[in-house]
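Engineer: Place chains B and C on chain A using the hints.
Spelled out from the first residue to the last, the chains are:
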Amino acid sequence: MTLRMAPQAKDPQLLQGSEAIADAMIAAGCRFFSGYPMTPFTEVLEVMARKLPEVGGVCMNAESELEAIGMAWGAAATGTPSATGSTGQGLSLMQESLSEITLARLPLVVLNMGRAQGDYYQATRGGGHGDYRHLVLSPADAAEAIDLIGLAFDLTERWRNPVVVLGDYYLAHTARSVTIPAMKTRETPEWALDGSSGGTRHAKLISPLGTAKQRDDVGYDIAVHYADCVAATNEMIANVEPLAEVESTDDAEIIVVAFGTPGAYVRAAVRQLRSDGVAVGFIRPITLFPFPSDLVARATQGVKSVAVYENNQGQMLDDVRLAVLGNAPVHFIGGLSLDSSGFGIAPDLEVSVLVDRIREVAAQ
Amino acid sequence: MSTSLPTNNPPDEPSRLVDDFVPTLIDVGAHHLCPGCGEPIAMRCVMEAIDERELTARSVAVFGIGCYTAFSNNLDIEVLQALHGRAPSLATGVKRAKPSTIVVTIQGDGDMVSEGLQEVLHAAARGENITCIMLNNGVFGETGGHMTATTVLGQRTKTSLEGRDAALHGRPILLSSLLAQIDGTAFVARGAVNSAGNVARTKKLLLRALTAQEQNAGFSFVEILTMCPTGWFIETEEAPDYLNDKLAAVHEPGVLKDVLGQ
Amino acid sequence: MSDKETVTTRGTLVIDVDACKGCNLCIDACPPGVLVMTDIEVNSRGYRYPQLLAGCTGCKACSQICPDFVFQVYKYDTPQEHRS
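Residue numbers (my numbering), protein chains in the order written: chain A, 1 to 364; chain B, 1001 to 1262; chain C, 2001 to 2084.
There may be inaccurate statements among the hints.
Claimed, not checked - Okay, the calculated bits of chain B under chain A, using three or more residues with CB under 8 angstroms as the criterion: (1) 1071-1080; (2) 1093-1107; (3) 1113-1123.
Claimed, not checked - Covered by chain C, per the in silico footprint, the following chain B stretches (three or more residues, Cβ under 8 angstroms): (4) 1006-1012; (5) 1016-1030; (6) 1035-1046; (7) 1189-1202.
No lab work stands behind these hints, which were simulated from the structure alone.
Where is the CB? At the ideal position from N, CA and C, for every residue including glycine.
Chain A with its partners taken away, still in its complex shape (with noise of 0.2 angstroms):
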């Protein structure tokens, strides 16, 4: 049950997750979305089909995954704010045309309401081809997802890099009082594609092969292409600022790291610790690409161990014991925690269930 108010509204309303976000990206300037319907992410397709025509936006019901994303490839190339997004199994689909948008230097928002927590690699790997990086944004609340959906469109459109933006069910589907930020309006990039460039003898061209016209260079040639796609993205790394929310660490014997909406839990099961005395502290990437190492490691200097929960087989587990490095033993106290649906339910999201993983970890 939402309150219909505009999306430059002030005030607070009550709102689903998959609304905010969808709102957000309105806010935030998107005017063009595709998707399919595939649950968690179906609600954020009806609301931006319902929302975008009003602001003069595009919102396309494409017929499948591909075309989604084909659709969104089309709109950034007119220098379109644009956005697109599924569930796991849907941004699978869309994983070749993720690599190639990436070497065609574009910007796009890629949502992913996933299904638990185990398309952590597939976010931060990339499941696509090639070597190339995405930003990843983990928002643990609709509050917080609309501040990342704001900064997801900023950074995409800075450094010409898609931008994922990794949810699920509870962000989805739970409602929380929220505000929706005012509308942003953004400049056409030079370039951008609407045909007016033609004829002048540097008509412009957007390829993942890259812009080197035959008239200027003998053609394409991939190796420099990609030598160039790899400073981009070097240059990308280096200037965004990693992320984290960090509670009680200083004087932490253990922290425990989580990511997305189980942070909450896990954040509430350590200051139950906290307030029981046990010394533990909280650390919760919002990036996860830029990871932020530096961070992990400096918190984890001289903590007795670290204990990883998310809903999945161990995923963050890797780029958590990559920053720790070996400073202290790093424990796995999540795993695959989902309901009969497999929509990401987790009966394990308890806090009571958590303290007692926790302790266990500190007793050791």
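Structural biologist: Just chains B and C now, kept in the frame of chain A:
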């Protein structure tokens, strides 16, 4: 034996240029496509049509992947490069985001009918105001000459060495015929580039397709049969007849649908 | 072959010999049949290339059918008469 005339320089006698080496919208004439390839002929025809209709400063060409991709960085109109089979969805995104553009796709038969059949059918059904152009030579040329969804029965390719056999390989898809039956399409036609006369006829089809797009009449489609002597394992001078006898006999040239009023 | 002493020629070509890949499409495409491939001579890439005889009509069939952009086609303001 008659003596040949000098042809190194333009004539001294008063005359006018009626056709230049390259059309206005192709930047550079040199390319690595095979001797006798029909695709550059088709590209010239398409670019001349866009120029003639004065759509140069409004056009965006979305390229698929095939031998013709060699032209993607060689045109004086804006180009967006897509993946194999995916041009129609990118073209849809461009046109929906910027309806003032004239959007064409340049795709081969392998790209459009094998890999990307779903994309072109859905774009047609949606009545997207784009013009999809299929260069049909009945083979995957760029990878060396393999069977596609349009390869005709009896046609020898590297994956149908004894000739396409209905029992083993199924039958070709006649895409233009399918598209003509879809309600969202405004103009569907087949042309060929195996003779100067056919090139001229194909140009007219392209102009009509562009008119359909200018009038927002719906999805427009031109299939252009092209020669591929390399992929057909024949001499270059045999290719025009082979095209007539083998491909055009199945994928018949002509206008299959035209909703535009005169 | 005409018995006339001269052949009316309405057009002419500039042929970019080194661009040719010897495909022969122009030979059959030429309506008056005034293009012939060289016999022994080849261009810098080793391909035979077309040569022009008298009688060109400037119809641009060759330039439209050529995959390699070999031809520039001119039409004379006044038709020329060439000895056949």
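Engineer: If a hint holds in the structure, say so; if it does not, say that too.
Structural biologist: Results for each hint:
1. 1071-1080: Since three or more residues must qualify, the claim that chain A covers the segment 1071-1080 of chain B holds, with 9 doing so at under 8 angstroms.
2. 1093-1107: holds (count 9)
3. 1113-1123: Since 3 is at least three, the answer is holds.
4. 1006-1012: holds (count 5)
5. 1016-1030: holds (count 10)
6. 1035-1046: holds (count 9)
7. 1189-1202: The restraint on the segment 1189-1202 of chain B holds, since 5 of its residues have a Cβ under 8 angstroms from chain C and three suffice.
The structure fails none of the hints (numbered hints given earlier).
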